[in-house]
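Visitor: Chain by chain, the residues:
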Amino acid sequence: MSIVIDDLRLAYDKKVPILDNINLEIQKGECISIIGKSGCGKSSLLKCVAGLTANYEGRVFIHDELIQEPHEHVSYLFQTPILLEWRSVLDNVLLPLELKRKVMKEDRNKAKQMMKLVGLQDAAYKYPHECSGGMKARVALARMLITEPDVLLLDEPFSSLDAITKGQLQKELLNISQVMKPTIILVTHDIEEAVLLSDRVVLLGGKPACISKEFWLDLDEKRDASIRFSERFVNVVAEIYESVEHL
Amino acid sequence: MSIVIDDLRLAYDKKVPILDNINLEIQKGECISIIGKSGCGKSSLLKCVAGLTANYEGRVFIHDELIQEPHEHVSYLFQTPILLEWRSVLDNVLLPLELKRKVMKEDRNKAKQMMKLVGLQDAAYKYPHECSGGMKARVALARMLITEPDVLLLDEPFSSLDAITKGQLQKELLNISQVMKPTIILVTHDIEEAVLLSDRVVLLGGKPACISKEFWLDLDEKRDASIRFSERFVNVVAEIYESVEHL
Amino acid sequence: TMNQQPGSSSQKNTDGLEKIRMASWSNEIVEQSNLYVAEEKGWFENAGIDYEFVPGAGGGEAVKNIVAGNADIAFANIEAVLLAIEKGADLKIIYNIYPENVFNLVSLKKSHITSIEDLKGKNIGVYSLSSGTYQNLQVLLHSVGMKEEDVNIIPTGVLNFAPLMNGKVAATAATDTGLYDAKQKGLGDVDVMEVKNVLNTPSDVFVVTSDVYEKKQDALVNFLQVYKDSTQYMMEHPKEVAKVAIEKAIDGKDEARNLEIIKIRNKSAENKKELGWLDLDVVKKVEKTYVELGLLKKSVQIESAVTNDLVEKLK
Amino acid sequence: MKKHLLYSFFLLVVLLTAWEVVVRIRSIPELILPTPSVILMDIIQLVKSGFIWPHLRVTVIEIIAGFLIGSLVGLLLGVTVSQSSLLNKVLHPYIIASQAMPKLALAPLFVLWFGYGILPKLLIIALICFFPLFESSLTGLRLVDGEKVDLFRSLKASKLQILWKLRIPVAIPYIFSGMKVAIVLSVVGAVVSEFIGASEGLGALIIVAQGSMDTPMIFSSFLLLTAIGVSCYQIMDVLEKKLFKKYTFHRRN
Amino acid sequence: MKKHLLYSFFLLVVLLTAWEVVVRIRSIPELILPTPSVILMDIIQLVKSGFIWPHLRVTVIEIIAGFLIGSLVGLLLGVTVSQSSLLNKVLHPYIIASQAMPKLALAPLFVLWFGYGILPKLLIIALICFFPLFESSLTGLRLVDGEKVDLFRSLKASKLQILWKLRIPVAIPYIFSGMKVAIVLSVVGAVVSEFIGASEGLGALIIVAQGSMDTPMIFSSFLLLTAIGVSCYQIMDVLEKKLFKKYTFHRRN
Ligand SMILES: Nc1ncnc2c1ncn2[C@@H]1O[C@H](COP(=O)(O)OP(=O)(O)OP(=O)(O)O)[C@@H](O)[C@H]1O
Ligand SMILES: Nc1ncnc2c1ncn2[C@@H]1O[C@H](COP(=O)(O)OP(=O)(O)OP(=O)(O)O)[C@@H](O)[C@H]1O
Ligand SMILES: [Mg+2]
Ligand SMILES: [Mg+2]
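Chains as they are written, first to last, in the numbering used here: chain L, 1 to 247; chain E, 1001 to 1247; chain C, 2001 to 2315; chain U, 3001 to 3253; chain W, 4001 to 4253.
Treat the hints with care, since some could be wrong.
As the list claims (entries may be wrong) - Chain W side only, calculated, beta carbon under 10 Å to chain E, not exhaustive:
#: 1; residue: Ser4027
#: 2; residue: Pro4029
#: 3; residue: Ser4049
#: 4; residue: Val4073
#: 5; residue: Asp4145
#: 6; residue: Asp4150
#: 7; residue: Leu4151
#: 8; residue: Arg4153
#: 9; residue: Ser4154
#: 10; residue: Lys4156
#: 11; residue: Lys4159
#: 12; residue: Leu4163
#: 13; residue: Leu4166
#: 14; residue: Tyr4247
The hints are simulated quantities; they were obtained by calculation from the structure and are not laboratory data.
Virtual Cβ for every residue (Gly too), placed ideally from N, Cα, C.
Assemble the whole structure, with the sequences as input and the hints as a guide.
Guide: Written out as structure tokens, the structure reads:
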């Protein structure tokens, strides 16, 4: 599903807009990354696309539908893992399915599969308050993946994970991206991650924030972590880093 | 103030311990990093040192005092920024002082100075729900620094910050470390960060987790971000990465 | 104030007046308008009395108030006095306020209840199970040998004519003033059985503890004198008193009603001998009936608690 | 025996002893204030003779039925009103009005309208006890973390699903706090409702005892009512702890 | 005029009209149920003649004073008990007992013990209204995020500081929900206390109106009491919204 953001402007209080003049077109199956300084408006932009913010100006389309409320086939990963404390990890992961239909045996199996994907196979019956920070983040990730969405909106999915686990999940995401071809918007503060995972990196900056630069990356189609060490990769990262620094 | 952890063992439920046989001595003014997989027990260990967990076995000393409750001169940065929603950012930063004494003009100035340090000079009168994820993390950081503690326990302080802001704050921390010489335990999942900031990197691993490896880093005394590009630095990072991978 | 022993309040206060606190069974209502006149005209002060009104909810509360020492004299129904004596209170009945039994049983004309026997198996309303309406209904039933179980007694609250009107009860036990009010509100044609025809219990009496009786006799006589005079005055000048009641009585906003109520109470206060005189024979008959009814377990020797000594001292 | 039970019991003994001693020393007449021992004898007598049972039964049935009706209504109203701010604003004054009305004065009218059966009594009890539950469930249902609501919205949950799977679990401790107040008020309600139009039940017994100046029986009825209230409360407490532990344990601090 | 006020008013008109019409069509006698118009005339009459003012004054004073005492006690008890689980367990049965006791039956005793002045009335009101506040503040004060408590502990905050700077701010919406129930119960309490041993106040007025079968006056007193209750509630609501906005606004969803 394609995403079109048309002249978006967002102001929490009337006078000072946070985002202004945002135009962005994302193809079906494309993965773009949004980077920018802390507090510049990345999450706010994602919330607009997710249909959770009502009072912005301009228009957002997903698959040619004007977004005014959350879209059926879009999954949004919040920046903080929002878990229901009274549900076990497994039941938290099952929540999206539970809201759609009666939960069956195969749904539970699927949930377990998702939990394995994020390395939580042993934590199914723990409760959120018994989970570490990174575990919670992964529960939220499993919960968003279980519906096999067409559009993924990811707000710093891996920021609380150690290098190894992060690497594994990046690989999984690349895999999902290549197999299921969802459209992905990834908000991240990790430039290498952005370059590794996405087709395009969008740099958000300024006050109010607008798209100050876009980087089309034509790296290998079949990417994996090994390209990190390619010269092209290192150069792109350095180039983006510089742009960010001079914002 | 020195920290001594003597044969620490922690089990949330009686049967399965999380941490076992942890022995660690940290000199006054030393900065050590703890790294390890998500969910391995890093935060749990830090909580023991912070005096917030009572039911562990073994002993923890800070400055030769047995820790059974939080120590006066120790500041603990939780993994999640725990802010009081009904207080403005400024009042959140002032909280530790408020609990010690009547807040004076100079305390407010100091709070503002701390907020400048973490790049929040414009957000003093915002409320937590008006802050972005990274901003909240920085409020928590400012709140912990305001008491000028002798011991800093930092649980992933920079994980939700973009590269630039993170770099700036790392610099600030290095600066504090070199000027005020507090004892620091830094939990992080960013190996480069660990190597950049600390004198020693402790690798936590296994089930139950113990100290599976320690790396003494004898990098420059007067470190700054530029050492990132030194060969020695890159090598150490690679070495640690490998150890983590083969845990 | 519970610790205040009855006797201890007998010393005179600074202006030489002696305090008399009268515990009533009600708050300040029109029926007792003679007291407001006495207050207004300063008769209490003239008699050396510092008078205070203590409101209450029922004769039982009034009697308890004097037993507890919260008041010196109680304005209460005689049943409450009998029961309190049975429970060990040492009381003296010193003045007959209303020698006439004011209770009755009212039914709608159209339901053709002309004798007590007609009530068998029917619903009968009373104010509450702690009110005189209940006890006097029992007296009525007893007079024809019926028992409580033969009818269905329902406490309907003070608005007890309402259920009579909408047919929820076949008859209701009430008082003369209640009946008057209900008639004013469109009760319509009714049959009335008056309890006084069966047992003419004095409705209300003044009662004191023996202790107060001993220690404050002079003040009590003075008080009773004022009460008697004001009753006399109310009988002679009902219209004037009805006006006074507008201001003083909590239910006195309707002057015409005040006048009617006063007239009814003037009639109840009439005494075949002297105002306030207690007929020992009647009181003993009441006691006997209550023993038969089971309201009293046994005789309480009421004759030793009744005295006309103070009444005889009145002018 | 647990420590707190011991203390609680000890306090009881102290209070009763003090009561007994004060009454005896100041020789307060039984008519005014009977001693605990007299009351105890009275209760034993009432129980032994079997006189008390039908009254107790009626009152307990009324309390339970009235509480069930009242709390159901309170909960439903709380839920309904929490779902619509307009409905809340429109209905709220009426709900408050229903509370502010003195039920005791309303009771005779209820009897007039609904007869002398159990119906008006249940109505009075329900009317008295629904309000705390309504208020606390309303407050509990509304104060839900905005992020969690956003999560449910992003999952395309319906209003009903948000209510059922988010708001109610969050509100459970507050709902229970309201229920506890409600069950205790039900006891009060039962007594009030029995003051008028009843010839059975502990409330009616109090009135009869007042009428026959039987102060010990007033206190006996009192004590039994109090015991019923305390037991009901404790039952609610145990229920909450047993059945709904998972909704509160991570929050009790 | 705001929309909800309009609706609310419209509902009022509908209800009153229905009442008027039903009474007229079925020609229900005034003694049983007066029409709203009759009641309105009565209220106007009571106000014009000035007859109602002293009663209104007394009742309002009692409500406010009783509520203040009661809510202070409720809050203090809630706070005290929330600080110590042992104290909670020991005292709780007694606090519940004080609630389960039927106040109306207690009122005559209070009058006996404390005279017929304002004191026993305030005691009754306070006793009636403190409980919801106690319960909801207790619940609110206890259900605090464990991480926040840890934060305060790590900052070496004293128990009192945790109470003052963490628990109370968190509990404010629940405390207010309890206060709203309490203020409305104060109205009920005032009436109950005036039923016994009072010669002034709207409660006493109801009793005499019943005695003189003045049904319109019963309803007038009712309506005035209800109006007082609703106003008090709304005042609490405005107070909460104005003074304590920052403790709730980020949580209302
Ligand atoms: N609900 C809100 N009300 C008012 N201001 C808000 C609100 N949410 C965010 N803001 C402001 O909008 C700006 C952008 O916030 P946003 O969360 O989009 O930043 P971000 O780019 O995601 O930052 P981070 O990387 O730290 O998560 C910030 O300055 C923040 O203070
Ligand atoms: N309160 C608790 N009760 C029970 N188990 C707990 C509790 N807190 C943590 N655990 C368990 O202890 C283990 C270690 O948790 P901890 O938070 O210390 O991990 P961590 O190393 O900090 O991980 P992360 O990098 O994801 O933050 C986890 O498996 C977790 O499930
Ligand atoms: Mg963000
Ligand atoms: Mg952790």
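Visitor: Look at each hint and say if it fits the structure.
Guide: Cross-check of the supplied hints:
Interface restraint check for Ser4027 of chain W: the shortest CB-CB distance to chain E comes to about 59 Å, outside 10 Å, so the restraint is violated. Given hint, Pro4029 of chain W at the interface with chain E, is violated; its Cβ is 57 Å from that chain's nearest Cβ, farther than 10 Å. Of the supplied interface hints, the one on Ser4049 of chain W is violated, with its beta-carbon coming no nearer than about 51 Å to a beta-carbon of chain E, more than 10 Å. At its closest, the beta carbon of Val4073 of chain W sits 26 Å from a beta carbon of chain E; the interface hint therefore is violated under the 10 Å criterion.
For the restraint placing Asp4145 of chain W at the interface with chain E, the shortest Cβ-Cβ distance is roughly 8 Å, inside the 10 Å limit, so the hint holds. With a least beta-carbon distance of about 5 Å to chain E, the hint placing Asp4150 of chain W at the interface is held under the 10 Å criterion. Interface hint status for Leu4151 of chain W: upheld, as the beta-carbon distance to the closest one in chain E is roughly 5 Å, under 10 Å. Residue-level restraint check for Arg4153 of chain W holds (minimum Cβ-Cβ distance to chain E is 6 Å; threshold 10 Å).
Evaluation of the Ser4154 of chain W hint against chain E yields a held restraint, the C-beta minimum of about 5 Å falling below 10 Å. About 6 Å separates the beta-carbon of Lys4156 of chain W from the nearest beta-carbon of chain E, less than 10 Å, and the hint is met. Proximity of Lys4159 of chain W to chain E is violated relative to the hint, the smallest CB-CB distance being about 12 Å (cut-off 10 Å). Against a cut-off of 10 Å between C-beta atoms, the interface hint on Leu4163 of chain W is violated, since the closest Cβ of chain E lies about 12 Å away.
The restraint placing Leu4166 of chain W at the interface with chain E holds, with a minimum CB-CB distance near 7 Å, inside the 10 Å limit. Hint on Tyr4247 of chain W holds. Least Cβ distance to chain E is approximately 5 Å, under the 10 Å limit.
The structure is inconsistent with the numbered hints 1, 2, 3, 4, 11, 12, although it conforms to all the rest.
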